[in-house]
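Each chain is listed here by its residues.
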Amino acid sequence: MKVAGSGLKKIAGLAGPFVGLILVITIFSLMPEVSDRFLNLANIKSVATQSVIVALCALGMTLIIVSGGIDLSAASNLALSCVLVAYAINLGVPPLLAALVGVAAGGTIGFLNGFLITRLRLVPFIVTLGMMGIARGLAKWVARNQKIDAPLSWLNELMVRTSKPSWLLVSPGIWLMILFSLVMAVLLRKTVFGRHAFAVGSNELTARLCGVRTDRVKVVVYTISGLLCGLAGVMEFSRLTVGDPTVAMGLELDIIAAVVIGGGSLSGGEGSILGTLVGVFIMAFLRNGCTMMGWPNYFQEIIIGAIIIAAVTLDRLRHRQE
Amino acid sequence: MKPKVKFLPVIIFLLITVLIWTAAACRRGDKQSSGPRTYKVAVIPKGTTHEFWKAVHAGAVKAGQELGVEIFWKGPQKEDDRAQQITVVEDFISRRVDGIVLAPLDDRALMRPVDEAMREGIPVVIMDSNLQGDNYISFVATDNYQGGVLAARRLAEVLGGKGKIFLIRYLEGSASTTFREQGFLETITRDYPGIEFLVKDQFAGTTTESAYQLTENLLSRYPQVEGIFAPNESSTFGALRALQHFGLAGKVKLVGFDSSVKLIQALENNEIQGLALQDPMKMGYLAVKVLLDHIQGRPVEKRIDTGVTMATPENMNRPEIRSLLEPDFARYVR
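Residue numbers (the working numbering), protein chains in the order written: chain A, 811 to 1132; chain B, 707 to 1040.
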């Protein structure tokens, strides 16, 4: 199986995205206007904080893409969770419970995705496309088509640039991102479930013949991913301080792009957490650098588009060599 | 199969984490270089494609040229995306610009990034839309409530003081347009008892397309409508397109807000009876100027009004109205 390649091959597999990231960082740190600012620690922290939301969703998306699926509802799911947290806090629910409501809502949407995909035997693209509209609509409904103001609480300290208990050094959101990256990496590489996810994505029929309960694997995959989107929604609320049903419009494409840049294959069976994180950071640093340079937005949109195509092309070339 | 290989990503990841941590622990070394220099000011609009923001941009560039300030013009990547506007503010804090001019997309969500900038010694001037609290240098904007009042007077005038009208709202949470809607609503209710609202709680959304659809649906539902007020450029244009589509342009009186080439044409053709005009170039100019005044230690006022004027088919060719309808920004921006 691909998973068990030699160490060298694996490094080579990761090299592509890493080269991209190093390139982006080098280019901006050589720009005379921002050279002293770009690699400044405060800026790196700020980029990391900005990456938390996309990264959390992308972790789940990696799992889904590895298992041969796709989730277009990720960003809507996030928005729904964001709105529900604000709604719950306004009802007088303690912040921790409100956050759990958001995460649980994300998990429910994810579970529904998996359930419908396996029971109705529909392709994930269609089910999650439908769920994208449903979750976004629900979010707008809960919020009555407006944003929801909620009183400030400790939840809103999760995503600050300068961490509040200063011994944390970076914001709690970044620690959560690191924690869940580790958990997901272990889950994907070290557990039977992770093997099954790869097996389902590589060849579902064979996996089923080998005794993998493919439907159950898929439902769990989508549920985990949904939970992570829910958590990302809590982080989004933390950052915005309001529940905004229109937040993260189109973000699902950024999330998928991060996975793909990081070596995930849309035909399933491939992808890694580290690669995905590199993909997330490539886009975040690019955005940050373009802003610091004062470059117009269309620049960065064109560059990111080009990077997606280049990354996948490199990936294909590498495969052909193997 | 070498099991230790599978730990590789995890180990690399841990290493990076530890690196960040150690770097974080022993930092504090960024000093500001002193000496004479041009000031760098970030100007952050709500979006970059509306005509209105191009005029603001022109004003800011004009101020920059006159006062020797380098202007960074950067909006959120997607129009009206609150989260991305926060990101842009943070990135300019990292860049350590000398000051920020911000048109907040949300009166609440942008509070914290602005607090952060002020805390780090980067002065912030708010323009166009209000921000909750008062942790900023100055607020440079149109008196939007007054704009709504002007629009109400004009619509009542062309309707002869009676009729059935739509108030099309823009977007919940957008402070500037909410004030316009409020000024309009309160003036009509108070001063013109002969005018009846058929609709006053429907939101057009951020695009021309969404405003177009809303107005079409409303026109189908209430064919008896005689007048419409729309509180910004995109909703005015959407309403105009819908009226044109129904063959009602000119028959149903339309009073809008802000200008664009298409809206000016409609004003010429008497398809629009009034446009409440702000002075976006003046807004961009004054915002940068006030910021520089503050940076250089001169006292500034906390609230600066940039004025509203009503353009009508009758007065639109007067030079002072013309310059508001078509601000001469080609000299400053593309």
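Read the hints as simulated data drawn from the structure, not as lab findings.
A few of these clues could be false.
[As the list claims (entries may be wrong)] Examples of chain B residues toward chain A, derived with CB under 10 Å:
#1 Glu772
#2 Leu773
#3 Glu776
#4 Ile777
#5 Gln790
#6 Thr793
#7 Phe798
#8 Arg801
#9 Arg802
#10 Met817
#11 Pro819
#12 Arg859
#13 Gly879
#14 Thr912
#15 Gly956
#16 Lys957
[Stated by the list, open to error] Residues from chain A shown here face chain B by an in silico Cβ test under 10 Å; the list is partial:
#17 Thr836
#18 Ala852
#19 Lys855
#20 Val970
#21 Arg971
#22 Val1057
#23 Met1059
#24 Glu1111
#25 Ile1113
[Stated by the list, open to error] Dumping the calculated DSS-like pairs for lysine-lysine here, alpha-carbon to alpha-carbon at most 27 Å:
#26 Lys906/B / Lys957/B
#27 Lys968/B / Lys988/B
#28 Lys950/A / Lys906/B
#29 Lys950/A / Lys784/B
#30 Lys906/B / Lys988/B
#31 Lys957/B / Lys968/B
Virtual Cβ for every residue (Gly too), placed ideally from N, Cα, C.
Results for each hint:
no.: 1; hint: Glu772; result: violated, 19 Å
no.: 2; hint: Leu773; result: violated, 18 Å
no.: 3; hint: Glu776; result: holds, 9 Å
no.: 4; hint: Ile777; result: holds, 8 Å
no.: 5; hint: Gln790; result: holds, 9 Å
no.: 6; hint: Thr793; result: holds, 5 Å
no.: 7; hint: Phe798; result: holds, 7 Å
no.: 8; hint: Arg801; result: holds, 4 Å
no.: 9; hint: Arg802; result: holds, 6 Å
no.: 10; hint: Met817; result: holds, 7 Å
no.: 11; hint: Pro819; result: holds, 9 Å
no.: 12; hint: Arg859; result: violated, 29 Å
no.: 13; hint: Gly879; result: holds, 5 Å
no.: 14; hint: Thr912; result: holds, 8 Å
no.: 15; hint: Gly956; result: violated, 32 Å
no.: 16; hint: Lys957; result: violated, 31 Å
no.: 17; hint: Thr836; result: violated, 17 Å
no.: 18; hint: Ala852; result: holds, 6 Å
no.: 19; hint: Lys855; result: holds, 7 Å
no.: 20; hint: Val970; result: holds, 8 Å
no.: 21; hint: Arg971; result: holds, 6 Å
no.: 22; hint: Val1057; result: holds, 6 Å
no.: 23; hint: Met1059; result: holds, 7 Å
no.: 24; hint: Glu1111; result: holds, 7 Å
no.: 25; hint: Ile1113; result: violated, 12 Å
no.: 26; hint: Lys906/B / Lys957/B; result: holds, 20 Å
no.: 27; hint: Lys968/B / Lys988/B; result: holds, 22 Å
no.: 28; hint: Lys950/A / Lys906/B; result: holds, 20 Å
no.: 29; hint: Lys950/A / Lys784/B; result: holds, 19 Å
no.: 30; hint: Lys906/B / Lys988/B; result: violated, 31 Å
no.: 31; hint: Lys957/B / Lys968/B; result: holds, 18 Å
When each numbered hint is compared with the structure, violations occur for hints 1, 2, 12, 15, 16, 17, 25, 30.
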